[in-house]
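Heads up: the protein sequence lines correspond to chains A, B, C and D, in order. Numbering follows the numbering used here, with no gaps: position 8 of the first sequence is 14. Numbering follows the numbering used here, with no gaps: position 131 of the second sequence is 137. Numbering follows the numbering used here, with no gaps: position 44 of the third sequence is 50. Numbering follows the numbering used here, with no gaps: position 42 of the fourth sequence is 48.
Source of the hints: derived by calculation from the structure; they are not laboratory data. Just so we're clear, the structure is a prediction, and the values are computed from it rather than from any experiment. Here a beta-carbon is modelled for each residue, glycine too, at the ideal position from N, C-alpha and C. One should not assume that every hint holds.
Said to hold, decoys possible - Estimated spans, in silico, between C-beta atoms of each pair:
1. Q140/B / S18/C: 11 to 21 Å
2. E82/D / A148/C: 39 to 49 Å
3. D127/B / P85/C: 48 to 58 Å
4. L54/C / Q93/D: 42 to 52 Å
5. V125/C / E111/D: 23 to 33 Å
6. D127/B / R51/A: 20 to 30 Å
Claimed, not checked - Computed footprint of chain C on chain D; a stretch qualifies when at least three of its residues, placed anywhere within it, have a C-beta under 8 Å from a C-beta of chain C:
7. 34-47
8. 73-86
9. 99-109
Spelled out, the chains give:
4 protein chains.
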Amino acid sequence: MITLTMAQEIISAALGHARASTMPPMTVAVLDAGGHLIAFAREDRSSLLREKIARGKAMGALNMGVGSRSLVERAEGHPHFFGAITQLAEGELVPVPGGVLVRDEAGEIIGAVGVSGAVPDADEQCAIVGIRSQGLVADAGA
Amino acid sequence: MITLTMAQEIISAALGHARASTMPPMTVAVLDAGGHLIAFAREDRSSLLREKIARGKAMGALNMGVGSRSLVERAEGHPHFFGAITQLAEGELVPVPGGVLVRDEAGEIIGAVGVSGAVPDADEQCAIVGIRSQGLVADAGA
Amino acid sequence: MITLTMAQEIISAALGHARASTMPPMTVAVLDAGGHLIAFAREDRSSLLREKIARGKAMGALNMGVGSRSLVERAEGHPHFFGAITQLAEGELVPVPGGVLVRDEAGEIIGAVGVSGAVPDADEQCAIVGIRSQGLVADAGA
Amino acid sequence: MITLTMAQEIISAALGHARASTMPPMTVAVLDAGGHLIAFAREDRSSLLREKIARGKAMGALNMGVGSRSLVERAEGHPHFFGAITQLAEGELVPVPGGVLVRDEAGEIIGAVGVSGAVPDADEQCAIVGIRSQGLVADAGA
Numbered sequence: 007m008i009t010l011t012m013a014q015e016i017i018s019a020a021l022g023h024a025r026a027s028t029m030p031p032m033t034v035a036v037l038d039a040g041g042h043l044i045a046f047a048r049e050d051r052s053s054l055l056r057e058k059i060a061r062g063k064a065m066g067a068l069n070m071g072v073g074s075r076s077l078v079e080r081a082e083g084h085p086h087f088f089g090a091i092t093q094l095a096e097g098e099l100v101p102v103p104g105g106v107l108v109r110d111e112a113g114e115i116i117g118a119v120g121v122s123g124a125v126p127d128a129d130e131q132c133a134i135v136g137i138r139s140q141g142l143v144a145d146a147g148a
Numbered sequence: 007m008i009t010l011t012m013a014q015e016i017i018s019a020a021l022g023h024a025r026a027s028t029m030p031p032m033t034v035a036v037l038d039a040g041g042h043l044i045a046f047a048r049e050d051r052s053s054l055l056r057e058k059i060a061r062g063k064a065m066g067a068l069n070m071g072v073g074s075r076s077l078v079e080r081a082e083g084h085p086h087f088f089g090a091i092t093q094l095a096e097g098e099l100v101p102v103p104g105g106v107l108v109r110d111e112a113g114e115i116i117g118a119v120g121v122s123g124a125v126p127d128a129d130e131q132c133a134i135v136g137i138r139s140q141g142l143v144a145d146a147g148a
Numbered sequence: 007m008i009t010l011t012m013a014q015e016i017i018s019a020a021l022g023h024a025r026a027s028t029m030p031p032m033t034v035a036v037l038d039a040g041g042h043l044i045a046f047a048r049e050d051r052s053s054l055l056r057e058k059i060a061r062g063k064a065m066g067a068l069n070m071g072v073g074s075r076s077l078v079e080r081a082e083g084h085p086h087f088f089g090a091i092t093q094l095a096e097g098e099l100v101p102v103p104g105g106v107l108v109r110d111e112a113g114e115i116i117g118a119v120g121v122s123g124a125v126p127d128a129d130e131q132c133a134i135v136g137i138r139s140q141g142l143v144a145d146a147g148a
Numbered sequence: 007m008i009t010l011t012m013a014q015e016i017i018s019a020a021l022g023h024a025r026a027s028t029m030p031p032m033t034v035a036v037l038d039a040g041g042h043l044i045a046f047a048r049e050d051r052s053s054l055l056r057e058k059i060a061r062g063k064a065m066g067a068l069n070m071g072v073g074s075r076s077l078v079e080r081a082e083g084h085p086h087f088f089g090a091i092t093q094l095a096e097g098e099l100v101p102v103p104g105g106v107l108v109r110d111e112a113g114e115i116i117g118a119v120g121v122s123g124a125v126p127d128a129d130e131q132c133a134i135v136g137i138r139s140q141g142l143v144a145d146a147g148a
């Protein structure tokens with residue numbers, strides 16, 4: 007499992023990466039395997055919907071069992087199906103990079119990290135840096 | 007009507023088919039004619055939204071009175087109408103194969119089976135195998 | 007974790023207990039630690055709200071970290087507080103016996119079983135019988 | 007305003023107080039003046055509804071402009087009115103101590119801290135310790 011201490015260090019590493027770059031204000035959410043929030047941080051001046059976007063990316067990854075990058079192609083290829091299941095998910099199925107599954111050594115999903123604030127590739131990179139800082143496997147999708 | 011015993015055997019046959027193939031973890035829901043859940047199984051490591059997708063396929067079939075395969079063409083041909091009724095259905099109108107009506111000898115709808123986890127054609131095949139194992143008629147749509 | 011096989015055997019033992027008694031038609035839900043449905047069974051002629059009641063008992067136990075029997079006193083002693091958090095839980099906080107936590111040997115919560123159909127004490131007994139059939143610890147609250 | 011750094015230190019001080027006592031696993035949420043989440047932490051084994059309860063206490067304080075302790079008397083004295091506005095607030099009006107307004111030197115509300123996990127008086131004490139650690143004024147209601 008992802009402990010609170012690990013989740014806080016994931017956030018610290020993710021935001022450290024954002025600050026070492028020139029990214030705008032960022033929001034980071036760390037969820038457990040059941041989709042429940044463990045830790046969260048919204049940087050000063052990060053806009054109002056950022057919490058829901060970051061969580062929607064992370065929860066979308068857990069909802070479908072793939073990193074949110076994999077959802078992009080699915081949404082484009084099957085828009086009606088994707089529209090229906092987005093409604094089933096109450097929006098928590100955001101098809102853009104930045105929702106990254108956290109796996110343990112055995113490959114089991116133990117949670118997910120969602121990041122929002124910069125361009126999607128940069129958001130995803132923050133999540134990956136955060137997850138790897140704890141010696142865990144980041145599965146961003148493909 | 008579909009009894010609990012029959013519903014459990016439908017699930018057993020559907021999952022047996024999945025395990026005899028190389029399908030990923032599957033989720034199966036059996037609904038009665040009123041759309042209420044009779045029996046349900048989510049295989050280990052089947053992702054979080056699978057319950058809603060499986061039920062959304064089965065309920066979509068009951069909602070419109072056709073197997074969910076028939077909903078694909080309708081969604082593509084009439085996207086605005088389909089978007090509106092998807093919202094009326096609160097998402098339970100998933101336009102993809104895998105929601106299969108169960109009919110009795112007289113052709114009456116007595117329930118529906120929804121399957122999610124693999125590609126849609128494989129999902130649908132699991133549902134059909136399950137339904138036929140009980141001597142019932144599977145109506146997948148066309 | 008509770009595997010699908012374990013969840014199905016929990017249901018089988020719980021319903022076996024009900025059938026060995028003179029209980030009315032019963033409904034049983036088995037949830038994982040994150041509150042997601044693993045397996046479910048509704049006996050023939052169990053009424054329409056039973057799914058939501060069984061799940062609401064089990065989810066209520068997970069929501070508060072206590073067996074649902076413990077919620078009775080809280081609801082009676084603090085009705086306004088309980089009313090507010092029931093709304094936060096979207097109803098999934100049913101204050102009546104029959105939502106029983108499943109703990110492993112180390113005492114960790116690994117899921118919950120909810121039962122509805124008979125009187126609450128009998129519902130709870132079905133859940134306990136089911137959980138213990140798998141060598142797991144049943145925490146019904148007090 | 008409450009910066010992210012301040013919010014994280016409020017959480018750290020609140021949880022430090024809980025750990026120096028013998029409190030069960032705790033959950034802490036820090037909201038800005040608009041009710042949006044700045045930072046959040048859920049300790050290991052804190053149960054599933056704790057996020058919503060902690061936020062519901064803090065948001066309830068902001069919703070009515072008083073610490074959540076003040077809502078207890080209002081709920082008891084005007085149960086029908088309170089029931090109606092709880093529904094308007096979608097439950098985010100939890101009438102129990104532990105939702106504490108954060109005020110600046112001039113007395114302006116700049117956010118709120120919500121804590122859940124122990125008995126209400128202890129929850130509230132964690133929030134107060136956290137807020138005061140940043141030299142801010144804690145308004146718990148009366």
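Now for the hints, and whether the structure bears them out:
The supplied range of 11 to 21 Å is met by Q140/B and S18/C, whose beta-carbon atoms lie about 19 Å from each other. Between E82/D and A148/C the beta carbon distance is about 27 Å. The supplied range of 39 to 49 Å is therefore violated. Checking the proposed 48 to 58 Å range against D127/B and P85/C shows it holds: the Cβ atoms sit about 53 Å from each other. Take L54/C and Q93/D: their Cβ atoms lie about 24 Å apart, and the range 42 to 52 Å is violated.
With their beta carbons about 59 Å apart, V125/C and E111/D fall outside the hinted range of 23 to 33 Å. For D127/B paired with R51/A, a C-beta distance near 48 Å fails the hint of 20 to 30 Å. Under a criterion of three residues with beta carbons nearer than 8 Å to beta carbons of chain C, the stated coverage of the region 34-47 of chain D fails, only 0 such residues being counted. Only residues whose beta carbon comes within less than 8 Å of a beta carbon in chain C count, and the region 73-86 of chain D has 4; three or more means the coverage holds.
Given as covered by chain C, the region 99-109 of chain D passes the check, having 4 residues with a CB less than 8 Å from a CB of that chain where 3 are the minimum.
Consistency with the previously given hints fails for numbers 2, 4, 5, 6, 7, ordered from lowest to highest.
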